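Residue strings, one per chain:
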Amino acid sequence: MRRVFYLVQKEFRQIRREKAYIAIIFLMPFVQLVILGYAITTDVRNVGVVVVDQDHSRYSRAILASLETGETFQLLGTVPTERAARRLLDRGKAVVAVIVPHGFGQNLLRGEQPALQLLLDGVDGNSSGVALGYLQGLLAGLQLEWVREVPELARQIQSIHLIVPEPRLWYNENLVSVNHIVPGILAVLLTMITLFLTAMNIVREREIGTMEQLQVTPIRGWELILGKVLPFVLLGFLLLNVGILAVQLIFAIPMQGSLLLLYLMSLLFMLSTLGLGILISTLAHTQQQAMFIAWFFSIFTILLSGFFIPIENMPDVIQYLTYSNPLRYFMTVIRAIYQKGSELPVLLDEVAGMALIAGITISTAVIRLRKRNV
Amino acid sequence: MSDPVPVTTLPPAVVVDRLTRNFGTFTAVDQVSFNVSPGEIFGFLGANGAGKTTTIRMLCGLLLPTSGNATVHGNDIYTQPNRIKACIGYMSQRFSLYEDLTVRENIQFYGGIYGLRRETIMQKTTELLQELDLVDKADQLTGALPLGWKQRLALSTSLLHDPPLLFLDEPTSGVDPQSRRRFWLLIHRLAAEGKTIFVTTHYMDEAEYCHRISIMAQGRLVELDTPSALRDKYDCDTMQEVFLRTVSGSPSL
Ligand SMILES: Nc1ncnc2c1ncn2[C@@H]1O[C@H](COP(=O)(O)OP(=O)(O)O)[C@@H](O)[C@H]1O
Ligand SMILES: [Mg+2]
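Protein chains in written order, with the numbering used here: chain A, 1 to 374; chain B, 1001 to 1253.
Read the hints as simulated data drawn from the structure, not as lab findings.
The model shown is predicted, which means the values in this text are computed figures rather than measured ones.
Be careful, since some hints might not be right.
[Claimed, not checked] Restricting the straight-line Cα-Cα distance to at most 27 Å, the calculated cross-link-like pairs of lysine-lysine (DSSO-like) are:
# : chain 1 : residue 1 : chain 2 : residue 2
1 : A       : LYS19     : B       : LYS1137
2 : B       : LYS1233   : A       : LYS19
3 : B       : LYS1150   : B       : LYS1137
[Claimed, not checked] Simulated restraints on C-beta separations:
# : chain 1 : residue 1 : chain 2 : residue 2 : range
4 : A       : SER363    : B       : LEU1244   : 33 to 43 Å
5 : A       : LEU321    : B       : ALA1086   : 41 to 51 Å
6 : B       : ASP1232   : A       : ARG370    : 41 to 51 Å
7 : A       : PHE300    : B       : ASP1133   : 50 to 60 Å
[To be verified] Just so you have them, the derived chain A footprint on chain B, three or more residues with Cβ under 8 Å:
#  : region
8  : 1036-1049
9  : 1059-1066
10 : 1112-1126
11 : 1226-1236
Ideal Cβ positions, reconstructed from N, Cα and C, are used throughout, including at glycine.
All chains, full assembly: derive it from the sequences and hints.
Quick look at the structure:
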């Protein structure tokens, strides 16, 4: 056991001197969350809107009022002219301008379907597209109310049996995909880091010859493994916590469940990925090879984890394959803890899955490391 | 530096019997047999690729032989590799200290790995630093040391657990002549303390410093005797010539 202490101490001394590690642990979560979080998520918040109200009717005021509610839009105010609105768009102050033309309300009542002009900042085509979608939804809601006030249409409506479905998503009520994606990014980060760092670290020791030097000492296989696993588990925890902090700071997503439970689950998860990392290191002769194999594995673990593509949507064969993927379980776990505040009893299947994989990868790694090159 | 071969009645430190190792269809070590006596400086000579490292790695328990037998301090290399590891020091042909640790940290680390107690490690560290003239470089990164110093540091760390038997694989390769001499002085002092030293080299002049020399070529052991006996046998003045005669395939005798 004392040997393990010396191994861990040595590892931390090396880590402390390696600036790349520090960057990976403290910057990567922020960078990845920002990049992935904003690239992948489809929801848009606090889109700056200006309104050019040339109508000053009940209807234009209703549009203003509905823009003020909800988190999607942030009503910056009204400006008198379209030119003023364009200026705000040009300067990036606003992303959307809604122009309610003169006579809008009257024309609407006459059933003339007046035009409502929408100006969108096209620089970020993606999110302004999404903003447009929200805006159309919002206007559709208003139309539903207004349609009854138009005498001609009101008559037609009575003969239509209108079903109003009321979708309610139980968790993640506003279908905020950020809440779903972001904890997933944390899981992906943890996978990549633990997998790559362990694999590279051990292969590096083999390349420079220190691994052979360790193998002629009376050190045991499990001591060597523990001496590698412990530092990277601690590093993983550090990363996890920086990640949790980043999630809080950047996305303000609260964790519904217990932090302690997430820690325990992360430990279990990291044991399985670290085991895999060590196994990868026994397959590779050079750091480049290790990098390549780790890359290969991480693509599969991420694709088959339900991170982008829900597992239910995969072909049956692939679905079975996902059971061998530790990230599949951890993805479920971290999302459940973040979004539903799930407790341990409902996560026992995932615990079993990760424990089994950790057991297999680590014991195989011990055997492979102990074995002399035959 | 011509100490007599230590005469001893102790059992041999290393017994090698028809040891063979294949890599695929290629035979790197071919039916090699020899004994090493306790307290002896046993030199292993051979060109690159002769099979020296492969032999040493089998004896240290790093590599399984294809066939043949060997014992190291009475321990069988197949069944008792862990007992062997406790009684040998090994310095591989690659520099294998951590370059991103300081000199002191390297000594501490290997001391800890060999299971020394904390006080022993502290004491050994002080001793070693003084001995190696490294006191003022103790907190420098090991990677920044000149090669000769690195090699002596590596030798010293492989001695931390005070093993009776040392395997040194090309310990002086790439080192300047002055440093090589200092290194060999260290080896002789260790032998005088009673340690058995198994050393490989491709510097022929170093062969003179060994008690006995074996010459390896293409996986086979082609000669094994004292330097003077070999010079007499081939009627040469230097080991260089002896070596050239043996590996050029001229019949022995
Ligand atoms: N792991 C290995 N796989 C395949 N061939 C090897 C391996 N290790 C050594 N060899 C080959 O065995 C031969 C002997 O190598 P080695 O024992 O390192 O020679 P030396 O130490 O005398 O220079 C060389 O031809 C080398 O290429
Ligand atoms: Mg060699």
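Structure-based check of each hint:
no., hint, in the structure
1, A:LYS19 with B:LYS1137, "holds (23 Å)"
2, B:LYS1233 with A:LYS19, "violated (60 Å)"
3, B:LYS1150 with B:LYS1137, "holds (12 Å)"
4, A:SER363 with B:LEU1244: 33 to 43 Å, "violated (53 Å)"
5, A:LEU321 with B:ALA1086: 41 to 51 Å, "holds (46 Å)"
6, B:ASP1232 with A:ARG370: 41 to 51 Å, "holds (48 Å)"
7, A:PHE300 with B:ASP1133: 50 to 60 Å, "holds (54 Å)"
8, 1036-1049, "violated (count 0)"
9, 1059-1066, "holds (count 5)"
10, 1112-1126, "holds (count 4)"
11, 1226-1236, "violated (count 0)"
Of the numbered hints given earlier, the model fails hints 2, 4, 8, 11; all others are met.
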